[in-house]
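Visitor: With the hints as constraints, model all of the structure from the sequences given.
2 protein chains.
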Amino acid sequence: MITVKQTKEKIKKIENGTIVTPLGFSADGVHAGLRYAKKDLGVIVSDVPANCAAVYTLNAFQAAPLAVTKESVAVEQKLQAIVVNSACANACTGEQGLKDAYQMRNTCAEKLNILPHHVAVASTGVIGELLDMEKIVKGIGLLSPSSNKEKAEEFQTAILTTDTVMKSACYETKIDGKVVTIGGTAKGSGMIHPNMATMLSFITTDAKVEASVLQDALGSITNKSFNQITVDGDTSTNDMVVVLANGKAGHQSLTPDHPEWNSFYEALRLTCEDLAKQIARDGEGATKLIEVNVSGAHTNEEANVIAKQIVGSNLVKTAMYGADANWGRIICSVGYSGVALNPETVNVSLGNIQMLENSQPVSFSEEEAKAYLENDTVEVYVDLQQGNGIGKAWGCDLTYDYVKINASYRT
Amino acid sequence: MITVKQTKEKIKKIENGTIVTPLGFSADGVHAGLRYAKKDLGVIVSDVPANCAAVYTLNAFQAAPLAVTKESVAVEQKLQAIVVNSACANACTGEQGLKDAYQMRNTCAEKLNILPHHVAVASTGVIGELLDMEKIVKGIGLLSPSSNKEKAEEFQTAILTTDTVMKSACYETKIDGKVVTIGGTAKGSGMIHPNMATMLSFITTDAKVEASVLQDALGSITNKSFNQITVDGDTSTNDMVVVLANGKAGHQSLTPDHPEWNSFYEALRLTCEDLAKQIARDGEGATKLIEVNVSGAHTNEEANVIAKQIVGSNLVKTAMYGADANWGRIICSVGYSGVALNPETVNVSLGNIQMLENSQPVSFSEEEAKAYLENDTVEVYVDLQQGNGIGKAWGCDLTYDYVKINASYRT
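Taken in sequence, the protein lines are chains A and B.
Be aware that the first sequence starts at 121, since it is given in this note's numbering, and climbs by one per residue.
Be aware that the second sequence starts at 121, since it is given in this note's numbering, and climbs by one per residue.
Hints are not guaranteed to be accurate.
Copies of one chain are not kept apart here, so a pair can be met inside one copy or by any two copies together.
Stated by the list, open to error - Pairs of lysine-lysine, BS3-like flavour, derived with a Cα cap of 30 Å: (1) LYS133 with LYS255; (2) LYS524 with LYS190; (3) LYS255 with LYS132; (4) LYS490 with LYS158; (5) LYS298 with LYS258; (6) LYS219 with LYS524; (7) LYS231 with LYS298; (8) LYS344 with LYS269; (9) LYS219 with LYS294; (10) LYS524 with LYS397; (11) LYS490 with LYS524; (12) LYS344 with LYS190.
Calculated from the structure, these hints are not laboratory results.
Guide: In structure tokens, the structure reads:
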């Protein structure tokens, strides 16, 4: 793993970058009519078949588009396009749902004049309803992908459901002296939890990297980024992260043995973490991003478990909404995380305001704490003082608007 | 296990029964001044030392009163009194907290002229603040326990925090021709989840039963009742269930070999289930009780896991609040419960309205479903059709008021 210093030197955040910033990618998003007015169908295209990697929801009920995408990827671990609709998840739709996902894939392949198994399919929205295939087919006909930033934003908009903002991240590094760019987008704001909750993310890069190597990197990075966010603890039927690496940057093929492998890995990790945090901040009804940092655990895995337990607690989330420095709820979450720990040595701080030292309250200014908790980003620090394990997780506060949005989602 | 028919014949619910209905118990509740006006300190007393059983929170941070109660019980598995305060949990209070819990125990023993190790101590309320011992000691001095029903209700009131109603249940059966009564009370409405969430329950009986036998029964029953309710998934530092069996009913000592053991077990189970459902219904901000019934699992344990996963889902809970027949969220919860299952054979009904058959949507009347979901009790049925395992769990809807209560609990 490269150090932070090296990261700063070698990796640059591209503020206005998108999925079409890496060489050889184009995109589009259109209004197919699945929703009343919002764009609801989009595509990302690579000029050439790209090596790919993907991770999927662990929900036992996987939606039809996941089956079709897995089948596409299995043929030669290459993809050239990803076609995505919002409004309808095509989940719990049986035989007909599967036929529809195949039709969506094949229609897109025909439209772009590429092989069907080079197309991935993704859907997000209400579960248990069939896709309106007439609209999907017509919508695919309207797609006109290009590498304009505006087109990327139309894609980014088309994949949203209850999200309030588009999500986008772009990082650049150098490999063999060549500029390598990674661009990503994501959707997701509810049903967000470990292991690919209702969340889609699509990442493009012009790096050259074998599919199996890319898959290992994506798996490891997902566990530190997308799988460490939670909005409501619900893991959906449809989620996936797909990375396309089309090799257009022109460097030697990357493996973990390459001296600059870590620069690529870290740029990909930063892209995923950036998107994950954007999703958490845009959690349904959220007013703030909560970042929990756990240190002093026996292992990184245990630190991650505790961090996610804290950030997923409804009581912590409501306290954050109320700007209430209720550290009791934080320590309580630590205690029921299932991780064996010494209950006598825990330190807790909100921002730089310490509240608990060796599991005992220390006096602090309630006013100062309240002021800190009114920021739009709140950092929680928990140090178990029992080992060297560290972990992070991200989430958001639980608000009236979360209830409002979810008590009336279908209507 | 006795059948339902036998249960009906042999076990009677006593509608107005309380913890003082079994022979030889008295109680009281007073205003010690920990809260502005509400009663906040109470005691249950047995005329004679009673055999006891107890289960405690699994939270790694166990509050001081639990340590003291465990020490009392360990001496001879007998208790004669339980002294309880609300408003302050005496958790994360270190050495001083432990001293305070001992002082609370000893003051109560002195007041009642019984042995200190025959006294259990329980606290519930805010974490991280010290008990005001002057008020506790003064309050214990005010206690004047008797076996009037009014006194039992004063106890029931004194232990409440954010609860909106007192909880009470009472069942009667016959052993060796003698009437045996079980009475119970509980508090808890938030931070309610598996394994003794912020929940206290105290159960009295005049049955004669060895402590070790009672402990086994309580452990088994707790897993089917108190541990199958969830309000917000948070497990607290303070929770316990204590059963006192003083033997005053005058029958032969009960063991599982006694021909009428099942009558006692079932009466105790009904008492616990009744209280658990009252807690779930009174969940913070709740407008309705949700009961989830899972059948067709490989084992009862797996059925229980799935039932609790469903009833704990924020998305299911908000849909119930909105009277939205969103079975997609139910099936989604089944899918991420971690239980291995065949995703093709699941049936889902709300009440008697079927929505999913073999994992496929069936048409139903949305209006009828909405009307059903506006009841104050909603039953969810999930049949996996994969085995004979059955399970149940109880919870409540997630509402604006839940957020309101918890965004401002300390203030």
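Visitor: Work down the list of hints and note, for each, if the structure agrees.
Guide: Structure-based check of all given hints:
1. LYS133 with LYS255: Neither way: LYS133 and LYS255 sit 38 Å apart in one copy and 59 Å across, limit 30 Å.
2. LYS524 with LYS190: neither (35 Å within a copy, 44 Å between copies)
3. LYS255 with LYS132: Neither, since 41 Å and 61 Å both go past 30 Å.
4. LYS490 with LYS158: For LYS490 and LYS158, the Cα distance is within 30 Å only across copies (28 Å; inside one copy 38 Å).
5. LYS298 with LYS258: neither (40 Å within a copy, 78 Å between copies)
6. LYS219 with LYS524: Classified as neither: same-chain Cα gap 35 Å, cross-chain 46 Å, threshold 30 Å.
7. LYS231 with LYS298: Classified as neither; 33 Å inside a copy, 83 Å across copies.
8. LYS344 with LYS269: Classified as within; 29 Å inside a copy, 57 Å across copies.
9. LYS219 with LYS294: The answer is neither: 43 Å in one copy and 63 Å across copies each exceed 30 Å.
10. LYS524 with LYS397: Cα proximity of LYS524 and LYS397: in one copy and across copies (23 Å, 26 Å).
11. LYS490 with LYS524: both (25 Å within a copy, 17 Å between copies)
12. LYS344 with LYS190: Within. Shortest intra-copy distance 23 Å satisfies the 30 Å Cα cut-off; inter-copy 40 Å does not.
Checked against the numbered hints above, the structure breaks hints 1, 2, 3, 5, 6, 7 and 9 and satisfies the rest.
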